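Undergrad: Okay, here's what each chain looks like letter by letter:
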Amino acid sequence: MKKTSLRFKIVDAFYIAMMIIPFLVGIVLKVLTKPASEGINITGAGIYFTIPMPLQDFPVTESQVNSLLVSIVILFFCLFMTHGLTEKCQLKRQHFAELIVEKVDGMVNENMGEFFKGFSPFIIGMMALSAVSSLITLCGLYPPTSDINIVGGWAVLVFILITYYKMKCGPINYLKSFTQPVAFLTPINLISEIATPVSMAFRHYGNVLSGSVIGVLIGTALGSLSSKLLGWLPGFLADIPLLQVGIPAVMSLYFDIFSGCLQAFIFAMLTMMYVAGAFDIDTYKKIMEKKNAKKAKKHASVE
Amino acid sequence: MELALGIILGCCALGAGMAMIAGIGPGIGEGNAVASACEAIARQPESKGSVTTTMLMGCAIAETTGLYALVIAILLIFVAPNILVNILVNTMAAL
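Quick note, the sequences are listed as chains A and B, same order. All residue numbers for the first sequence refer to the working numbering, where the first residue is 40 and numbers rise by one. All residue numbers for the second sequence refer to the working numbering, where the first residue is 61 and numbers rise by one.
To be clear, the hints were calculated from the coordinates, so they are not data collected in a lab. Keep in mind that the hints are not guaranteed to be accurate.
Said to hold, decoys possible - Just a sample of chain B residues kept apart from chain A, beta carbon distances all over 12 Å, derived:
hint, residue
1, Ile81
2, Arg103
3, Pro105
4, Ile121
Unchecked claim - To list a few chain B residues with every Cβ distance to chain A over 10 Å, as calculated:
hint, residue
5, Leu65
6, Cys72
7, Gln104
8, Ala120
9, Leu144
10, Leu155
Unchecked claim - Only part of the chain B face toward chain A is listed, based on derived beta-carbon distances under 8 Å:
hint, residue
11, Leu116
12, Met117
13, Glu123
Because the structure is a prediction, the values reported are computed rather than measured. The C-beta atom is built at its ideal place from N, Cα and C for all residues, glycine as well.
Bound conformation, chain A alone (with noise of 0.2 Å):
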């Protein structure tokens, strides 16, 4: 292996510490404006502040900031993990990086074909975010997914993907596309359209809300429990939780880890489905024969 030199390690030591900082800026700013409480709290996120517009306020929420915080974090882990990159993989960290490179082309091809081979960085782009950012809970912070705002942005620019893709075989073969298989049905075709980002930024949503507010339903539960139950505890054992130490980590095994990689995986293998789906190889080849043809025609015709 070779060895680094003293800017290379200082480089890397910069990255790394950009990865950290993030978090502890976002717990910081936790920490001075939300106030700790006792008991059942489940708000939504919390307004840092708002800036006034024309037409309506614009308010900066907790899970905007977050969700740049996340971006920024995993923009230098990107950055660190090309840091360096030889043609012999000269440090551990290109071996990594190569397999999730090499495992994301492979499930892109495997799930949209040959033609959308340059799907592979958006789609692990969208994964990436989308874990990390169900996975900040884990820092104590809110989580980005858990709003609907987020979550709904993603799967609006899922959609615009979609409709594009439909568009690409020409505008009259889209409009035609909601005339299939019987023209009646029409109404029911343009509900199911809408229906696909309203689900997709749902199920998201649903999913991490869900485990969150069952996570803070579970802790007091068990508080409360544990201070019914052992309240015959003399001195200050009475006081302490004891039920609370343990049981809501393996929840949260379940809820944030499991659910929050889950759900990531899912809204990609989605997004793959829904775009690859949209897009009709076979009558976009015809017509783009057809185009070509004119073309040569038009093209000896002049010569």
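Starting from the structure of chain A, add chain B where the hints point.
TA: Relative to chain A, chain B alone:
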């Protein structure tokens, strides 16, 4: 006034509870999906990876109806009482 407040809060909670009856459907559906996946894996253990992936995808889609109910329940518990009480207070002030 107190009666109206009580009715509003109680009905919101009742409605949220009734909305979550929809949880039965996804439960049965996902149970069926997982049972079939278990059978498939028992028959062809080498196809475990793809069967698991497909099952998770199917479960996620089957969950959607339950999550719609969950969203409605959450709206009824956390959002609706505020709005309804505001309407009540405004109408009482107008009277």
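Undergrad: Decide, hint by hint, whether the structure agrees.
TA: Status of each hint after checking the structure:
For Ile81 of chain B, the non-interface assignment is confirmed: its Cβ lies about 16 Å from the closest Cβ of chain A, beyond the 12 Å cut-off. Consistency note on Arg103 of chain B: stated as away from chain A, and its beta-carbon is indeed over 12 Å from all of that chain's, at 23 Å minimum. Listed as a non-interface residue, Pro105 of chain B keeps its Cβ farther than 12 Å from every Cβ of chain A; the least gap is roughly 21 Å. Against the 12 Å criterion, Ile121 of chain B falls within the reach of chain A, whose nearest CB is about 8 Å from its own CB.
No beta-carbon of chain A comes within 10 Å of the beta-carbon of Leu65 of chain B; the shortest separation is about 20 Å. Every Cβ of chain A is farther than 10 Å from the Cβ of Cys72 of chain B; the closest lies at roughly 15 Å, confirming the non-interface assignment. The beta carbon of Gln104 of chain B sits about 19 Å from the closest Cβ of chain A, which is more than 10 Å, so the claim that it is off the interface holds. In this structure Ala120 of chain B is not separated from chain A by more than 10 Å, as the shortest Cβ-Cβ distance comes to only about 4 Å.
With 10 Å as the threshold on Cβ separation, the claim that Leu144 of chain B sits away from chain A holds: the shortest Cβ distance comes to roughly 18 Å. The Cβ of Leu155 of chain B lies farther than 10 Å from every Cβ of chain A, with a closest approach of about 31 Å, so its non-interface assignment holds. Of the supplied interface hints, the one on Leu116 of chain B holds, with its beta-carbon coming within about 7 Å of a beta-carbon of chain A, less than 8 Å. Checking Met117 of chain B against chain A: minimum C-beta separation of about 6 Å stays under 8 Å; hint holds.
Hint status for Glu123 of chain B relative to chain A: holds, with the closest Cβ pair at about 7 Å, below 8 Å.
Violated hints for the displayed structure, listed by number in ascending order: 4 and 8.
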